[in-house]
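Top line first, the protein sequences correspond to chains A and B. Under the numbering used here, think of the first position of the first sequence as 1, with each following residue one higher. Under the numbering used here, think of the first position of the second sequence as 1, with each following residue one higher.
Hints listed in this document are in silico derivations from the structure and should not be mistaken for laboratory results. Heads up, a few of these hints could be off.
[What the hints assert, rightly or not] Reference excerpt, derived from the structure (chain B facing chain A, CB under 7 angstroms, subset only):
hint: 1; residue: Phe55
hint: 2; residue: Leu90
hint: 3; residue: Lys101
hint: 4; residue: Phe103
hint: 5; residue: Ser106
[Unchecked claim] The calculated lysine-lysine pairs, modelled on DSS-like cross-linking and capped at a C-alpha distance of 27 angstroms, are:
hint: 6; chain 1: A; residue 1: Lys2; chain 2: B; residue 2: Lys83
hint: 7; chain 1: B; residue 1: Lys57; chain 2: A; residue 2: Lys45
hint: 8; chain 1: B; residue 1: Lys71; chain 2: A; residue 2: Lys42
hint: 9; chain 1: B; residue 1: Lys57; chain 2: A; residue 2: Lys42
hint: 10; chain 1: B; residue 1: Lys101; chain 2: A; residue 2: Lys45
Think of the CB as a built atom: it goes at the ideal place given N, C-alpha and C, for glycine as much as any other residue.
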Amino acid sequence: RKEVEQDPGPFNVPEGATVAFNCTYSNSASQSFFWYRQDCRKEPKLLMSVYSSGNEDGRFTAQLNRASQYISLLIRDSKLSDSATYLCAVIPPGSARQLTFGSGTQLTVLP
Amino acid sequence: DGGITQSPKYLFRKEGQNVTLSCEQNLNHDAMYWYRQDPGQGLRLIYYSQIVNDFQKGDIAEGYSVSREKKESFPLTVTSAQKNPTAFYLCASYDGATNEKLFFGSGTQLSVL
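Using the sequences plus the hints, can you model the full thing?
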């Protein structure tokens with residue numbers, strides 16, 4: 001089983017739609033979780049950290065479910081500019097802080 | 001402005017040739033990382049360094065080598081032993097003192113001629 005798994009998509013949604021991605025992780029002792037956004041052939045950019053209590057940043061909401069070992073990202077009112085690949089990342093315990101990434105979920109928002 | 005600079009942006013390698021990818025940061029970060037990304041895939045860790053003159057293998061270190069002689073610099077050499085080097089290579093550094101954010105360079109696309 002991979003350490004971090006994501007549904008690769010692609011997700012094609014109309015503008016204004018709400019879309020949600022999940023990401024599962026295998027090590028239950030993992031402590032730090034993140035969502036990154038990556039545009040084609042660019043470096044990933046941190047979208048948001050994921051906190052135990054859940055957190056929101058504008059149209060984006062991230063949640064952590066420790067019991068089921070997954071994190072989620074919800075995007076409301078999708079914009080064309082949200083089209084990108086979304087990568088989840090986890091810092092497993094004892095890993096010297098290096099991130100383990102999922103393979104990414106590709107989102108295309110259609111006009 | 002502080003940041004990470006990777007060069008070159010595009011690099012072509014001939015069969016049997018070693019090539020070196022540059023990564024320089026002026027963020028005063030101790031930890032630096034090299035990741036490889038294949039099309040439609042996530043990032044896989046090649047090597048990382050937590051301090052000058054020390055580095056550790058990641059998940060896919062075979063066919064690669066690194067050095068960390070200076071805090072600012074973490075070059076990656078793709079050796080001839082790496083039989084499938086075509087990929088997008090990303091360098092990153094980490095500031096563990098103030099936050100958990102990983103800073104990425106803009107990447108190098110390596111292709112085999």
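Given the hinted pair B:Lys101 and A:Lys45, is their Cα-Cα distance within 27 angstroms?
holds, 10 angstroms
Checking hints one by one. Is B:Phe103 an interface residue toward chain A, by the C-beta closer than 7 angstroms rule?
Given a least distance of 9 angstroms, the restraint on B:Phe103 is violated.
Against the 27 angstroms threshold, does the CA-CA distance of B:Lys57 and A:Lys45 hold or violate the hint?
Holds, at about 24 angstroms.
Grab the minimum C-beta distance from B:Lys101 to chain A and call the hint holds if it beats 7 angstroms, violated otherwise.
holds, 6 angstroms
Given hint B:Ser106 near chain A, where the shortest CB pair must fall under 7 angstroms
holds, 5 angstroms
Could you grab the alpha-carbon distance between B:Lys57 and A:Lys42 and see if it respects the 27 angstroms cut-off?
Holds: B:Lys57 and A:Lys42 sit about 24 angstroms apart, inside 27 angstroms.
Could you check if B:Phe55 really has its C-beta closer than 7 angstroms to a C-beta on chain A?
Check failed: Cβ of B:Phe55 comes no nearer than 11 angstroms to chain A, outside 7 angstroms.
Next pair to validate is B:Lys71 with A:Lys42; report whether the Cα-Cα distance is within 27 angstroms.
holds, 25 angstroms
Take the shortest C-beta to C-beta distance between B:Leu90 and chain A; is it under 7 angstroms?
Holds, because the Cβ-Cβ distance from B:Leu90 to chain A comes to roughly 6 angstroms (cut-off 7 angstroms).
Are the Cα positions of A:Lys2 and B:Lys83 separated by 27 angstroms at most?
holds, 24 angstroms
When the structure is compared with the earlier hints, violations turn up for hints 1 and 4 and for no others.
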